[in-house]
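> Each chain, written out:
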Amino acid sequence: MSEADNSSNDRVELTRSRIVAESYISHVRTPADGAIVAFDGCVRNHSHGRRTLYLEYEAYEPMALEKMREISVQLHEKFAIDRVAVVHRLGRLEIGETSVFIAVSAAHRAPAFEACRWAIDTLKRTVPIWKKEFFEDGAVWAEGELPPPPGAAPSVKSAS
Amino acid sequence: MSEADNSSNDRVELTRSRIVAESYISHVRTPADGAIVAFDGCVRNHSHGRRTLYLEYEAYEPMALEKMREISVQLHEKFAIDRVAVVHRLGRLEIGETSVFIAVSAAHRAPAFEACRWAIDTLKRTVPIWKKEFFEDGAVWAEGELPPPPGAAPSVKSAS
Amino acid sequence: MPVTTAKVLFFGRLKELVGVSEDAYELRDGAAIEQIFAHYAARCPQLAAFRSSVVASRNHEFASWETPVHSGDEVAFLPPVSGG
Amino acid sequence: MPVTTAKVLFFGRLKELVGVSEDAYELRDGAAIEQIFAHYAARCPQLAAFRSSVVASRNHEFASWETPVHSGDEVAFLPPVSGG
Numbered sequence: 001m002s003e004a005d006n007s008s009n010d011r012v013e014l015t016r017s018r019i020v021a022e023s024y025i026s027h028v029r030t031p032a033d034g035a036i037v038a039f040d041g042c043v044r045n046h047s048h049g050r051r052t053l054y055l056e057y058e059a060y061e062p063m064a065l066e067k068m069r070e071i072s073v074q075l076h077e078k079f080a081i082d083r084v085a086v087v088h089r090l091g092r093l094e095i096g097e098t099s100v101f102i103a104v105s106a107a108h109r110a111p112a113f114e115a116c117r118w119a120i121d122t123l124k125r126t127v128p129i130w131k132k133e134f135f136e137d138g139a140v141w142a143e144g145e146l147p148p149p150p151g152a153a154p155s156v157k158s159a160s
Numbered sequence: 001m002s003e004a005d006n007s008s009n010d011r012v013e014l015t016r017s018r019i020v021a022e023s024y025i026s027h028v029r030t031p032a033d034g035a036i037v038a039f040d041g042c043v044r045n046h047s048h049g050r051r052t053l054y055l056e057y058e059a060y061e062p063m064a065l066e067k068m069r070e071i072s073v074q075l076h077e078k079f080a081i082d083r084v085a086v087v088h089r090l091g092r093l094e095i096g097e098t099s100v101f102i103a104v105s106a107a108h109r110a111p112a113f114e115a116c117r118w119a120i121d122t123l124k125r126t127v128p129i130w131k132k133e134f135f136e137d138g139a140v141w142a143e144g145e146l147p148p149p150p151g152a153a154p155s156v157k158s159a160s
Numbered sequence: 001m002p003v004t005t006a007k008v009l010f011f012g013r014l015k016e017l018v019g020v021s022e023d024a025y026e027l028r029d030g031a032a033i034e035q036i037f038a039h040y041a042a043r044c045p046q047l048a049a050f051r052s053s054v055v056a057s058r059n060h061e062f063a064s065w066e067t068p069v070h071s072g073d074e075v076a077f078l079p080p081v082s083g084g
Numbered sequence: 001m002p003v004t005t006a007k008v009l010f011f012g013r014l015k016e017l018v019g020v021s022e023d024a025y026e027l028r029d030g031a032a033i034e035q036i037f038a039h040y041a042a043r044c045p046q047l048a049a050f051r052s053s054v055v056a057s058r059n060h061e062f063a064s065w066e067t068p069v070h071s072g073d074e075v076a077f078l079p080p081v082s083g084g
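Chains as they are written, first to last, in the working numbering: chain A, 1 to 160; chain B, 1 to 160; chain C, 1 to 84; chain D, 1 to 84.
Possibly wrong hints are sitting among the right ones.
[Claimed, not checked] Each computed SDA-like pair below joins lysine to any residue, with the alpha-carbon atoms no more than 25 Å apart:
| # | chain 1 | residue 1 | chain 2 | residue 2 |
| --- | --- | --- | --- | --- |
| 1 | A | Lys132 | D | Arg28 |
| 2 | B | Lys124 | A | Phe79 |
| 3 | A | Lys78 | B | Arg109 |
| 4 | A | Lys132 | A | Thr122 |
| 5 | C | Lys15 | B | Gly91 |
| 6 | A | Lys78 | B | Arg44 |
| 7 | B | Lys124 | C | His60 |
| 8 | D | Lys7 | A | Lys78 |
| 9 | A | Lys124 | D | Lys15 |
| 10 | A | Lys132 | D | Asp73 |
| 11 | C | Lys7 | C | Arg43 |
| 12 | D | Lys7 | A | Glu61 |
| 13 | B | Lys124 | C | Arg43 |
| 14 | B | Lys132 | B | Ala80 |
| 15 | B | Lys124 | A | Ala32 |
| 16 | A | Lys124 | D | His60 |
| 17 | D | Lys15 | A | Arg92 |
| 18 | D | Lys15 | A | Glu114 |
| 19 | B | Lys132 | B | Ile19 |
| 20 | B | Lys124 | C | Tyr25 |
| 21 | A | Lys124 | A | Phe134 |
| 22 | A | Lys78 | B | Ala110 |
| 23 | B | Lys124 | A | Phe135 |
[As the list claims (entries may be wrong)] What follows is a list of derived Cβ distance ranges for each label pair:
| # | chain 1 | residue 1 | chain 2 | residue 2 | range |
| --- | --- | --- | --- | --- | --- |
| 24 | A | Ala110 | D | Glu66 | 36 to 44 Å |
| 25 | C | Ser53 | A | His108 | 21 to 29 Å |
| 26 | A | Lys78 | D | Ser64 | 39 to 47 Å |
| 27 | B | Arg50 | C | Pro68 | 56 to 64 Å |
| 28 | B | Thr15 | A | His108 | 18 to 26 Å |
| 29 | C | Glu26 | B | Ala80 | 48 to 56 Å |
| 30 | B | Arg92 | A | Glu56 | 14 to 22 Å |
If you're looking for bench data, these hints aren't it; they were derived computationally from the structure. Ideal placement from N, C-alpha and C gives every residue a C-beta, glycine not left out.
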């Protein structure tokens, strides 16, 4: 199968609604799979020792979707997996709500675990989404991560 | 907190009903958590190149529950996690159905991933549950794993 | 010599070989788990052939073959586990 | 010298510093992304202070500061990402 075929059943989304885990787990489940690993990133009630009231996420939406789709394509290249679902929520999120959900299915558990971990680690470094944390005494943009330099990213096209 | 306190909010079960992922994910989610990692083990339509029709699981039920509870206690000792949910289904399972579900919550994602992986790896080696695979031309007990020798298991009490 | 009764359980493939899942076995108090297995293996050569891959438990804990068995103990013979 | 218009976007903290999320900027065709940033940094010293942690993109791909900008290109200035 070509890369395109491998990722053509994947589900990659941005949403402003509540994320329902079951929907994404169901999406990646096929009769060929023996393992699904899911990562649910949720809003903690504290950050660096301060009590968090709520969060707001914003994205450079078209680029974020492209970067998330690149992650799903790369997962198929790197790991023996079946399907991927990745969704990130935007807007205001309350404590306990899910901000990001990733599910990966595979015949066996090792690649499912490794792919899911690689996906969230890569998303946090490369997808243009920003989190603003609201505390009792004000709001701050979360300390973020610098994306890799353009030359290092395999998907960056030359500037010509 | 004592070990007992750490694992007292965990959920450890055997069931003969369909496993609903959302219920276990919700169980481990608390306002202090930033990450939940879940493992969903499901019935594949093939095994060693043969087409599987369905599976049957049986357990040494009281011992299986004790071993699963030991896993949850050990998870709290080994990893900086919050809550654990572990459920294994018994009886007849059709292709695509979930046989085992594990969810682990934590403030941060690294221990959640590591604990969830350790839990399923350990469950598959130490919990007395057996799988019979039904094919078109007969049924076989799945090749299993030998539990660690009694002396090696930290929880084994002396025989006196 | 005091005689005691242990509850003996077989699971998975072993249950099918022995033909029972649960039995009550009379033995000398303090006899080793090994002796219980030998009793059933003598009646069922196929069970004997599985000896090297069988693990024993006593009262829900994995136990060595030398573990002594006392009154009311629950001893189980377990084939390699395959849950998950 | 041909003049062209690029769409310029600011996100997160940078958007708040500059005061706009989207702008249309006229520049010489083929000018570097660096020149666009310099234009806004000159009007907003706080933006200039963030230069070392800002990453640029052109048409949804991360791009170096030397990348030339052409007509219709979409250039964005991105603070360190913090999704997840």
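> State the violated hints by number, sorted upward, taking the hints as numbered earlier in the document.
1, 8, 10, 13, 14, 18, 20, 23, 26, 27, 30
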